[in-house]
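As they're listed, the protein sequences go chains A and B.
Be aware that the first sequence starts at 1, since it is given in my numbering, and climbs by one per residue.
Be aware that the second sequence starts at 293, since it is given in my numbering, and climbs by one per residue.
Hints in this document: simulated from the structure, not taken from any laboratory.
All values derive from a computational prediction rather than experimental measurement.
Heads up, none of these hints are tricks.
The following label-pair restraints were derived from C-beta to C-beta distances:
#, chain 1, residue 1, chain 2, residue 2, range
1, B, S456, A, S95, 21 to 29 Å
2, B, A354, A, S95, 44 to 52 Å
3, B, P348, A, A181, 39 to 47 Å
Which chain A residues stay away from chain B? Per the calculated CB distances, all over 10 Å, these:
#, residue
4, D39
5, Y56
6, R57
7, F65
8, V82
9, L84
10, S151
11, E185
12, A190
13, P197
14, T205
15, K207
16, G240
Backbone N, C-alpha and C define an ideal beta-carbon position, used for all residues, glycine too.
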Amino acid sequence: MLKWIDDHLSYFFTLPTIILVLAMIGFPLAYTLTLSFYDWGMSNITPMRWIGLENYRSLLFDERFLLAVSRTFAFTGLALVVELVLGVGIALFLSRGFAGKNLVKTLFLLPMVATPVAIGLIWTLIYEPTIGIANFILTKLGLQPLVWLGSQATALPSLVVIDIWQWTPMIMLITLAGITALPAEPFESAKVDGASPWQILWKITIKLLRPTIWVAVLLRLIDVLKTFDIIYSTTQGGPGYATETMNILSFRYAFEYFQFGKASASLVLFFAFVLTIAGIFIRLKNRYEVEY
Amino acid sequence: MRFNGKTAESIRSAAFYVVLIAILFCAIFPFLWMILASLKNMVDLLNMDKLFRFKPNLGNYADVFGKYQFLRPLLNSLLIGVVSTILAMLFGLPASYSIAREKKTLYASMILIIRIIPAVSFLVPWYIMFTKLNLAGTYTPLFLSHWLIALPLIIWIMIPYFESIPRELEQAAWVDGCSRFGTFMKIILPISSPGILTAGLLAFIFSWNNFIFALVLCTDKTKTLPTAIFNFISYTEINWSGLMAAAVIITAPILLISICLQKYIITGLTAGAVKG
Chain A
1 MLKWIDDHLS YFFTLPTIIL VLAMIGFPLA YTLTLSFYDW GMSNITPMRW IGLENYRSLL
61 FDERFLLAVS RTFAFTGLAL VVELVLGVGI ALFLSRGFAG KNLVKTLFLL PMVATPVAIG
121 LIWTLIYEPT IGIANFILTK LGLQPLVWLG SQATALPSLV VIDIWQWTPM IMLITLAGIT
181 ALPAEPFESA KVDGASPWQI LWKITIKLLR PTIWVAVLLR LIDVLKTFDI IYSTTQGGPG
241 YATETMNILS FRYAFEYFQF GKASASLVLF FAFVLTIAGI FIRLKNRYEV EY
Chain B
293 MRFNGKTAES IRSAAFYVVL IAILFCAIFP FLWMILASLK NMVDLLNMDK LFRFKPNLGN
353 YADVFGKYQF LRPLLNSLLI GVVSTILAML FGLPASYSIA REKKTLYASM ILIIRIIPAV
413 SFLVPWYIMF TKLNLAGTYT PLFLSHWLIA LPLIIWIMIP YFESIPRELE QAAWVDGCSR
473 FGTFMKIILP ISSPGILTAG LLAFIFSWNN FIFALVLCTD KTKTLPTAIF NFISYTEINW
533 SGLMAAAVII TAPILLISIC LQKYIITGLT AGAVKG
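For reference, chain A alone in the conformation it holds in the complex (with noise of 0.2 Å):
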């Protein structure tokens, strides 16, 4: 018997793992497909009813739930070109050898290891109108205070400042990591051939870090869309809907509102636009990539 069980280790190995990932995740997402198409506010008075596909066409056709995926587009696409270039910039600019490397990557570690909860609360003092720093430097430089999350035009743009200030070591570290994986050769050759450094730059450098880049850039795009406790924690959707992005709205839906059909159907929709962009992005990659 252990004999047999040892030459099926494998077995042993992985389908325990299998097992409880699917109760963990198949039941409940087929659950949430299954109550997308039915109104329900968890009620034990009244039961499940099933209206078919109306709870997708009355978010399709509600401009709160319309708002919500543009303003989830803004918010990834704002911040991921703005981590992008930092990040790769500022990569590039510590990519020389120089004292104190180890400390500076530790310090740039901070920002992404840090709860985020936390986060959002000291960023919701830095804003603070009256108190926060924000305004003091704005007032100091001789410009006007904003009210930054507290309205409805600044809380977006307040909010990817902050995503851009705790992720942007995120992509600068990877691209660190590739830079240091890089092969000397190619560099080599192209200073005996008399380049200049920006063509080393352009033609080179950023050439080979491509696929590293494009990596990490997945990895961010995947979280900056699915973004919830710095929303959350500091204006939790509002003022008013100015900061409802897809995931915020569905889960709004879901424990203030108890609207679990909605929810069901709002997260639906989310999840295949998460699964859509990501699809969207890996295919122009692998394109982009076929074509060196």
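Keeping the supplied structure of chain A fixed, place chain B upon it in accordance with the hints.
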């Protein structure tokens, strides 16, 4: 102006450090600000002239544990982090070893899917399920949900690690009559300890930091630190210094771990991104 090579080089070097310090300042300023604010009383906090000059007091920290009762959430977070990490190790280490040795890429991509699915989409069914199973209010929903955060991390970090171990090592043990299970326990796991440390640290950090699962699944008794600190803001008048003291308490352990073991944390966070 013309400089000779040496002067130009030292100017460039000085400029490099100036820019470097500016960037670093941006990266760590919010943490400094958090610590400063946590040591002030409300009057000093409201007075911008006392930005850096003030009489530090530790009263806020006493309040966090006394008045705002943070000890229980602190212990809860610790318990949930440790238990879910150990559980995820029990499942994840053997699974990732099998995936690494037998090229089960299908399972590997299944694990990746967990990363892509928005966490809220589990929460609705879980909430209903745990309520119906009468598990709401116990630690079980939190152990299980945090297990699910830790598992993909551990598998993702451990697959490349196990792949890098030469097969000859196991084959030699099998020839000597060691069972497959024995080989895994006595040979593979001990030499993988740096990888296991990396995976364990990250799993614990992600569990400690997680907010959304506890937000829905916890009760007063099982509240974790992030939810406790979040409830803190709903007090009518925000006690900013107390809040910042709470923020220090929740981030300090993580920041200290990261500073002491930065090599492992960076390896873990960037795992799979660079094919070196």
